[in-house]
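Asks: Combine the two chains into a complex, taking the hints into account.
If you read the sequences in order, they're chains A and B. Counting from 0, one number per residue, gives the positions in the first sequence under numbering that gives the first Met the number 0. Counting from 0, one number per residue, gives the positions in the second sequence under numbering that gives the first Met the number 0.
Be a bit skeptical, because a hint or two may be false.
Label pairs and their in silico Cβ distance ranges [what the hints assert, rightly or not]:
1) Phe225/B with Leu25/A: 29 to 37 Å
2) Ala182/B with Ala286/A: 50 to 58 Å
3) Ile11/A with Ala182/B: 58 to 66 Å
4) Glu181/B with Arg9/A: 43 to 51 Å
5) Ile280/A with Asn136/B: 54 to 62 Å
6) Trp90/A with Arg61/B: 52 to 60 Å
7) Arg156/A with Phe282/B: 47 to 55 Å
Covered, in the sense of this in silico footprint (three residues per stretch, anywhere, with C-beta under 8 Å from a C-beta of chain B), are these stretches of chain A [stated by the list, open to error]:
8) 104-117
9) 122-129
10) 135-141
11) 294-305
12) 308-318
For the record, the hints were derived by calculation from the structure and aren't laboratory data. The C-beta atom is built at its ideal place from N, Cα and C for all residues, glycine as well.
The lines below spell out each chain.
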Amino acid sequence: MMRNLLQGRRFIGFALLFLFLALLPLPLSRSPKGEYYLHIIILVLLYAYLSTAWNILGGYAGQHSLGNGLYLGAGAYVSTILFLKLGLTPWVGMWIAGAAAALLGWFVGYVCFRYGLKGGYFALVTIALAEAAVYLTTNIRWLGGARGLEVTWMGHRPLLMQFEGKTGYYYIILVMAALSILYTAWLDRQRFGYYLVAVRENERAADALGVDPLKIKTQANVVSAFMTGLGGTFFAQYYTYIHPRLVFGEGPSVQILLFAIIGGLGTVWGPAVGALILVPIAEFARAQLGGSFAGAPLLLYGAVLMVVMLFMPHGILGVVESVMEKVGHRGKAATGERASE
Amino acid sequence: MSITLSFPLLAQAFVSGIMLGGVFALIAIGLTLIWGVMGIINFAHGEFLMVGMYIAYFLAARTGLDPYFTILVTVPALFLIGAGIFRVNIQPVLKDPVMNQILLTVGLMLVLQNLALVLFTATPLSLDNPYNKMIFNVGPVVIPLSNLLGFVGSLLGVAILWWFLRYTDMGRAIRAASQNREAATLMGIDVRRTYLVAFGIGSACVGLAASLMIPFYYVAPLVGAFLGLVAFIVVILGGMGNVLGALVGGLIIGLTETMGAAILPGSLSRVLTFAIFILVLLFRPQGIFGRRQA
Numbered sequence: 000m001m002r003n004l005l006q007g008r009r010f011i012g013f014a015l016l017f018l019f020l021a022l023l024p025l026p027l028s029r030s031p032k033g034e035y036y037l038h039i040i041i042l043v044l045l046y047a048y049l050s051t052a053w054n055i056l057g058g059y060a061g062q063h064s065l066g067n068g069l070y071l072g073a074g075a076y077v078s079t080i081l082f083l084k085l086g087l088t089p090w091v092g093m094w095i096a097g098a099a100a101a102l103l104g105w106f107v108g109y110v111c112f113r114y115g116l117k118g119g120y121f122a123l124v125t126i127a128l129a130e131a132a133v134y135l136t137t138n139i140r141w142l143g144g145a146r147g148l149e150v151t152w153m154g155h156r157p158l159l160m161q162f163e164g165k166t167g168y169y170y171i172i173l174v175m176a177a178l179s180i181l182y183t184a185w186l187d188r189q190r191f192g193y194y195l196v197a198v199r200e201n202e203r204a205a206d207a208l209g210v211d212p213l214k215i216k217t218q219a220n221v222v223s224a225f226m227t228g229l230g231g232t233f234f235a236q237y238y239t240y241i242h243p244r245l246v247f248g249e250g251p252s253v254q255i256l257l258f259a260i261i262g263g264l265g266t267v268w269g270p271a272v273g274a275l276i277l278v279p280i281a282e283f284a285r286a287q288l289g290g291s292f293a294g295a296p297l298l299l300y301g302a303v304l305m306v307v308m309l310f311m312p313h314g315i316l317g318v319v320e321s322v323m324e325k326v327g328h329r330g331k332a333a334t335g336e337r338a339s340e
Numbered sequence: 000m001s002i003t004l005s006f007p008l009l010a011q012a013f014v015s016g017i018m019l020g021g022v023f024a025l026i027a028i029g030l031t032l033i034w035g036v037m038g039i040i041n042f043a044h045g046e047f048l049m050v051g052m053y054i055a056y057f058l059a060a061r062t063g064l065d066p067y068f069t070i071l072v073t074v075p076a077l078f079l080i081g082a083g084i085f086r087v088n089i090q091p092v093l094k095d096p097v098m099n100q101i102l103l104t105v106g107l108m109l110v111l112q113n114l115a116l117v118l119f120t121a122t123p124l125s126l127d128n129p130y131n132k133m134i135f136n137v138g139p140v141v142i143p144l145s146n147l148l149g150f151v152g153s154l155l156g157v158a159i160l161w162w163f164l165r166y167t168d169m170g171r172a173i174r175a176a177s178q179n180r181e182a183a184t185l186m187g188i189d190v191r192r193t194y195l196v197a198f199g200i201g202s203a204c205v206g207l208a209a210s211l212m213i214p215f216y217y218v219a220p221l222v223g224a225f226l227g228l229v230a231f232i233v234v235i236l237g238g239m240g241n242v243l244g245a246l247v248g249g250l251i252i253g254l255t256e257t258m259g260a261a262i263l264p265g266s267l268s269r270v271l272t273f274a275i276f277i278l279v280l281l282f283r284p285q286g287i288f289g290r291r292q293a
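This is chain B alone, in the form it adopts within the complex (with noise of 0.2 Å):
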């Protein structure tokens, strides 16, 4: 194995990793809203993205719409799908031991796994687009249209739900039932209702990620188990909860990914960022912003 270290590789890296790690952040924040909100680890999440890309990619390559445009269903779609599955298997165990809590996630997330693979087969899909062809040349640096817009999009997608979750009554709703939810109840907020609306926009936003991907990321029925666990350390990274946090957190992942890849040899970025997952889970678990809690 040779490993060759050179600066226009390294810089690319650089560069595709930002590009990434937006799209990181912005699964994890939908994974992070649920979790920070309701105490809800939901293992699904990584196969609503995948439920997602499937969405576009077929609504893409079928009908001719053009990428982006699949926006227009798959938010709503997922935002519709997380509220179901919300209403009919998370509500009844909210107040269950954590681990059944998680077990039922576990079990959907096979569900949809299993499910995508009779539907789809294994084999990976990748859409055919012009944004993934036109390129920009900066400097050494090759930025592919389709990663620029999965950035922008996604940095997007995080500052509309920084202003929901701030300015907006069901955001404020949202806030004040995730801090106390007795309190929260008391001051005349339909608590459940809010979570519903939680988990819904915390599924939309895999919703949205998975149209940005979509024009340069494969999918195939397993595609969740690997972008969910990226989510999964996004959030311990950014600490439970925060927005910003998990921002930062999706850069560090992403940027571990590509400067790995670039680095080290075959898959083992990935030993990488796990090694970075379990380090900071044991040493700080409130994440790399988190105040510890009492």
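Looking at chain A on its own, in the form it has when it is part of the complex (with noise of 0.2 Å):
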């Protein structure tokens, strides 16, 4: 019965953060510098939605990879040339992108899971296979080669998903960000959920209860990859150009990750927060140091990471919970549960 309420309640919460989000472009289009802060928002939502998409295998199943750059660029660059080739429509190529993505998943998780690849393993076998679609894509000159692609701009198209100023754009992260955390909300309840959790926390015994690690590791990877594979479809429309560093380099590997981290991994809302407090705060810094100081997002990204993990291994919402806790709230709180300890 409690239960139920909490989470009616936590629904409508989520609710009416959405529906905050849904009309806040509308003060923002009186604002000057409205674009630029809708700009943010939307590296907010993109870095949200792929680190909640990375936390599934990253953070539920404790399998860290280091080159989900791979899915976000087979994503990108299967709905351009679908879109260049065939001038098939993203609406569609998305689709088509999020499936080959899929596959790749399927592929990497159950060859590396079949072999037995762990931690440090299999962070640097993912990492090796994100390098090795950077140089194979450079090479490809179908595929752009090095100076990658441009998706032709045909004007304010939405069918083509397409739009004149960022509004379109923003729409559509936000309903992608929101079903990403629905998603993983859902899971958190789901036992496909508790297999991962299982598996993480102690592979042998999960094993032993009847649960197929190297089955639910994969199927993890594949839903991993799958919706990363969309958020390379936007990624592409947004930027409008990809190139192979962009996309399979270790940047979008890397920052992928982050948000999860340093929000709390294995939580609903963790990667959002770690998106929600970083990514601004690194856009400023860009805009503000300007040029001169093309790395300034990175060098922050890696130093936060550092103090993260001496100081907070946990993540931010970690910390929130263990002072909760020392606060004297039993349970667990409406600032999103870890899930498990």
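Replies: Take a look at the structure:
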């Protein structure tokens, strides 16, 4: 009874947040710097979304991929090539992109987990695969080589996922981010979600209890890669330009996992909280310091990552939770629950 | 794309690959020492090399110092940098989960790369020096003196390290601590100090490599990103903590890089390098010479 009520209340909170974000472009459109703020919010949502996708395998199942740029790039390249060569609208292309990324995710997951790669070894293989994708696409002229691909601007054509201004893109990524968070919240109470946590906490015990770790981890990677591939299509449409390092490189790969880790691994809201706090700071730093400081965001991210690993390995939500516990709030507060412990 | 294969080209690629492989081995041995002794996978290892290369570059370019004399600065400097970073960043997380340690060094990697980007911009720098222009002709093969010295210097470095680990008290302590931390502590070995020294020496290896490379290799903020991955590949090939394995692994990857570049168009040889890496990780994660551990 209590639990249902709480869930209902949490759902209302989520709906209110969504409504607030959905109405946000209205006041912003009157502000002179509205487009710029909208851009930052789009980035927050994009990284919240990508990091939420990463969190399914990385946070819940505890397998840290350092190369999710592979799926981002696959998604971006597939839908862009379909658009450029066949004129296929990205609205359709994104599903093919997602499917392609999911297929890659299945292959990577199955092969790696079949051979029992874990921890640092899994991380290294995922980096190597993403790096291999960088050099592979760089050498395929058909895919634009090192120069990459430009999504031809056809004017304001919502049917081609091209919009004048940023509002159209904003609503797309808002819906994607909201759905990804809803999915994780749902996962949190599903059998599949419990299996993921069981595999993370003790693979052998899970195995002994009839959970097939290979199957579970591979499935998690497929879901995660599928979502990341969809995000790749959005990435390409929003930036209108992609090149191998931009999507497959270590920049996106590291950023994708960063927000989940800093926000709180294996939590519903961790990735969003991490992105919400860090992306604006990094973007303002970039804007303030200008071109002379091209590395500012990644420099900041690196420093924050070090500090978090040294002093709060459970991320921001981990700190919030332990503070809440000390204050005396029993149970799990509305700040989002940790999936385990 | 026309691919022309000729004996002189392949012979040149072979010799260049061996030379490059020696340096790769030295870099990788620094990494494998740290990894093997304390189980820390240092993702910033390539960035330490980058730092060393900038030190060597600016010392040689600004003061006119012979690039090989920069060894006297880069080796101690990298030892201190490594030991300092160990003390401040690594030691506190020694007992944390492996992924936390990895992420910490990934953070360090990002900081060093982007700090270099801010300080030196992305433009690659190459040191103008006589060693690069002195050339030996052996049959159809051209060997610049700088590459030869890089190879010989790396082998010397590896030999010294091997001797150090084998015959000095500190070296024995490091090996003991890597085999069994508790037993080493019981034998009166200060494991923490041993780790500190091992981390310093592992970093000093890339200091030496930096000075040996700067006469023939460019330096840029991201130079360590690829060379660091190469070091990982070599370590996995040779087996973690295996000095001789790393030497063979270094030669294999050096040859893959140069022979691949001679045979495949563009930078596809890199794809080959990563393919070897992935296959070895999947099928022989203990390395070519390693024994499977229970």
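Asks: Each hint: holds or not?
Replies: Each hint tested on the structure:
1. Phe225/B with Leu25/A: 29 to 37 Å: violated, 48 Å
2. Ala182/B with Ala286/A: 50 to 58 Å: holds, 56 Å
3. Ile11/A with Ala182/B: 58 to 66 Å: The hint (58 to 66 Å, Cβ to Cβ) holds, given that Ile11/A and Ala182/B are roughly 59 Å apart.
4. Glu181/B with Arg9/A: 43 to 51 Å: The hinted range 43 to 51 Å holds for Glu181/B and Arg9/A, with Cβ atoms some 48 Å apart.
5. Ile280/A with Asn136/B: 54 to 62 Å: Holds: the Cβ-Cβ distance is about 57 Å, inside 54 to 62 Å.
6. Trp90/A with Arg61/B: 52 to 60 Å: holds, 57 Å
7. Arg156/A with Phe282/B: 47 to 55 Å: holds, 49 Å
8. 104-117: holds (count 4)
9. 122-129: The restraint on the segment 122-129 of chain A holds, since 6 of its residues have a Cβ under 8 Å from chain B and three suffice.
10. 135-141: holds (count 3)
11. 294-305: That given contact holds, which follows from 10 residues of the segment 294-305 of chain A lying within Cβ reach (below 8 Å) of chain B.
12. 308-318: Our answer is that it holds, as 3 residues pass the Cβ test (under 8 Å) against chain B, meeting three.
Hint 1 from the earlier list is the only one contradicted by this structure; the remaining hints agree with it.
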